[in-house]
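Using the sequences plus the hints, can you model the full thing?
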Amino acid sequence: MTQVTFIDATGASRTVEAQIGSTVMETALRASVPGIEAECGGACACATCHVYVSDAWTEIVGKPSQMEEDMLDFASDVRPTSRLSCQIKVTSELDGLIVTTPAKQG
Amino acid sequence: MSETTTTDVAIIGAGPAGLFAVFELGLLDIKAHLIDILPKIGGQCAELYPEKPIYDIPGFPEISGHGLVENLAKQVQPFHPTFHLNEMVESLEVLGTPEHPKFRVGTDAGTSIEAKAVIIAAGGGSFQPKRPPIPRIEGYEGASVFYAVRKIEQFRGKRVVIVGGGDSALDWVLNLHPVAERITLIHRRDAFRAAPHSVNAMRALVAEGKMDFILGQVMGLKGEGSQLAVASIRKEDGTHVEHECDTLLPFFGLTMKLGPIADWGLNLHENLIPTDTEKFETNIPGIFAIGDIITYPGKLKLILSGFHEGALAAQKIHRYVYPEKKLLFQYTTSSTSLQRKLGVN
Numbered sequence: 001m002t003q004v005t006f007i008d009a010t011g012a013s014r015t016v017e018a019q020i021g022s023t024v025m026e027t028a029l030r031a032s033v034p035g036i037e038a039e040c041g042g043a044c045a046c047a048t049c050h051v052y053v054s055d056a057w058t059e060i061v062g063k064p065s066q067m068e069e070d071m072l073d074f075a076s077d078v079r080p081t082s083r084l085s086c087q088i089k090v091t092s093e094l095d096g097l098i099v100t101t102p103a104k105q106g
Numbered sequence: 001m002s003e004t005t006t007t008d009v010a011i012i013g014a015g016p017a018g019l020f021a022v023f024e025l026g027l028l029d030i031k032a033h034l035i036d037i038l039p040k041i042g043g044q045c046a047e048l049y050p051e052k053p054i055y056d057i058p059g060f061p062e063i064s065g066h067g068l069v070e071n072l073a074k075q076v077q078p079f080h081p082t083f084h085l086n087e088m089v090e091s092l093e094v095l096g097t098p099e100h101p102k103f104r105v106g107t108d109a110g111t112s113i114e115a116k117a118v119i120i121a122a123g124g125g126s127f128q129p130k131r132p133p134i135p136r137i138e139g140y141e142g143a144s145v146f147y148a149v150r151k152i153e154q155f156r157g158k159r160v161v162i163v164g165g166g167d168s169a170l171d172w173v174l175n176l177h178p179v180a181e182r183i184t185l186i187h188r189r190d191a192f193r194a195a196p197h198s199v200n201a202m203r204a205l206v207a208e209g210k211m212d213f214i215l216g217q218v219m220g221l222k223g224e225g226s227q228l229a230v231a232s233i234r235k236e237d238g239t240h241v242e243h244e245c246d247t248l249l250p251f252f253g254l255t256m257k258l259g260p261i262a263d264w265g266l267n268l269h270e271n272l273i274p275t276d277t278e279k280f281e282t283n284i285p286g287i288f289a290i291g292d293i294i295t296y297p298g299k300l301k302l303i304l305s306g307f308h309e310g311a312l313a314a315q316k317i318h319r320y321v322y323p324e325k326k327l328l329f330q331y332t333t334s335s336t337s338l339q340r341k342l343g344v345n
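Quick note, the sequences are listed as chains A and B, same order.
The first sequence begins at 1 in this note's numbering and counts up one residue at a time.
The second sequence begins at 1 in this note's numbering and counts up one residue at a time.
Source of the hints: derived by calculation from the structure; they are not laboratory data.
For glycine and all other residues, C-beta sits at the position ideal for the given N, C-alpha and C.
You may find that some hints are simply not true.
[To be verified] When the alpha-carbon atoms are kept at most 27 Å apart in a straight line, the in silico DSSO-like pairs for lysine-lysine are as follows:
1. A:Lys63 to B:Lys235
2. B:Lys151 to B:Lys257
3. B:Lys341 to B:Lys31
4. A:Lys63 to B:Lys52
5. B:Lys102 to B:Lys235
6. B:Lys301 to A:Lys104
7. A:Lys89 to B:Lys301
8. B:Lys40 to B:Lys52
9. A:Lys104 to B:Lys40
10. A:Lys104 to B:Lys222
11. B:Lys74 to B:Lys40
12. B:Lys299 to B:Lys316
13. A:Lys89 to B:Lys52
14. B:Lys235 to A:Lys104
15. B:Lys316 to B:Lys279
16. B:Lys102 to B:Lys279
17. B:Lys235 to B:Lys279
18. B:Lys158 to B:Lys257
[To be verified] With the Cβ distance kept under 10 Å, some of the chain A side facing chain B (calculated, not the full set):
19. Glu39
20. Cys44
21. Ala47
22. Asp73
Below you can see the structure in the form of structure tokens.
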């Protein structure tokens with residue numbers, strides 16, 4: 001089983017099952033993980049599913065696309081590890097992935 | 001007092017649901033005015049995902065948001081709806097009785113429309129500038145933080161900080177540069193979404209020493225009362241600078257807010273409007289609601305649901321607009337009278 005861990009801004013951690021082929025954003029919503037709003041429903045058209053990928057995972061997860069970079073302009077406190085979780089597809093390689101949600105979305 | 005326009009139905013929101021409602025009303029000889037806060041029709045399809053393919057519009061295996069809006073505009077064309085774009089509906093007054101409803105709709109641009117029925121097709125609410133989550137920014141809004149420029153003169157002699165990398169940010173850099181004391185653009189990366197010629201013009205001003213560009217993000221604001229004095233900036237290299245300024249203009253895109261709809265006496269459930277599923281009427285007779293803004297048991301936020309809801313609402317609205325006429329159900333494939341209205345016969 002593939003698992004993703006979400007750590008919120010206060011440090012609370014939640015590890016949930018993720019379906020291969022779904023996105024990290026969908027994984028969060030399905031498991032009712034707070035801190036991810038996904039206002040646009042996963043169209044890469046807002047910036048309310050912003051996460052920080054933990055350092056150990058940034059290389060495997062990869063860099064944002066051009067369109068995602070454009071959307072990240074609308075997020076706050078953007079860091080080099082910032083990604084929009086609707087644009088990260090869960091694969092078996094990502095089993096154990098750890099992401100942190102920002103203090104505020106949007 | 002501005003002049004009042006009289007029509008049959010005022011539709012709030014010119015997204016796909018509102019547009020298709022014009023068609024269904026038009027087939028029943030009911031005229032409509034549409035009001036939308038965006039400068040263009042199409043709602044979320046036009047603003048959020050114009051180029052994205054949509055796969056669940058019946059009869060279209062794949063169509064872009066823009067393509068769908070274009071088709072809907074063509075479909076309603078025979079009915080000549082009146083559009084009031086760039087306007088937000090602020091007030092909705094009930095003038096009539098439940099049996100003979102009448103309403104007055106007022107916008108922030110001073111437009112006043114009297115109608116026998118109202119359809120709220122406002123989707124996720126009205127698109128409004130997004131407030132960036134900078135601590136205590138609310139305290140400066142309206143005095144030294146602005147999300148839109150109404151009067152350029154207001155910025156004469158000011159040290160203006162503009163944040164963002166899109167067309168709004170770059171356009172105001174260039175337009176306010178001649179009047180401001182000093183313009184500083186802050187953006188998190190050295191790549192811009194704005195039109196290349198605006199970016200080039202900005203870079204030329206920076207090269208000539210006529211304005212500043214800082215790669216970074218605004219993390220905090222300092223000032224006295226509502227008067228801003230300093231923007232705390234985290235630069236790209238991680239260092240912090242305190243930047244003195246009088247005015248901040250953040251351009252972080254748009255977000256959807258329910259807005260004034262909450263003040264019209266409508267029942268609301270978690271920011272959605274409950275309706276029945278027969279006529280899609282709200283708790284106020286004559287006010288209908290369709291599309292993403294409504295809720296009922298089993299509601300799906302799909303464009304196709306909004307189309308269905310508009311068609312059913314039109315049937316009941318016919319009774320308000322033409323109380324003496326009996327409504328005869330007809331098909332566009334066979335009815336010569338409908339085809340005449342569509343201009344195809």
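For this session: Could you work out which earlier hints the structure fails to respect and list their numbers in ascending sequence?
Result: 5, 9, 17, 18
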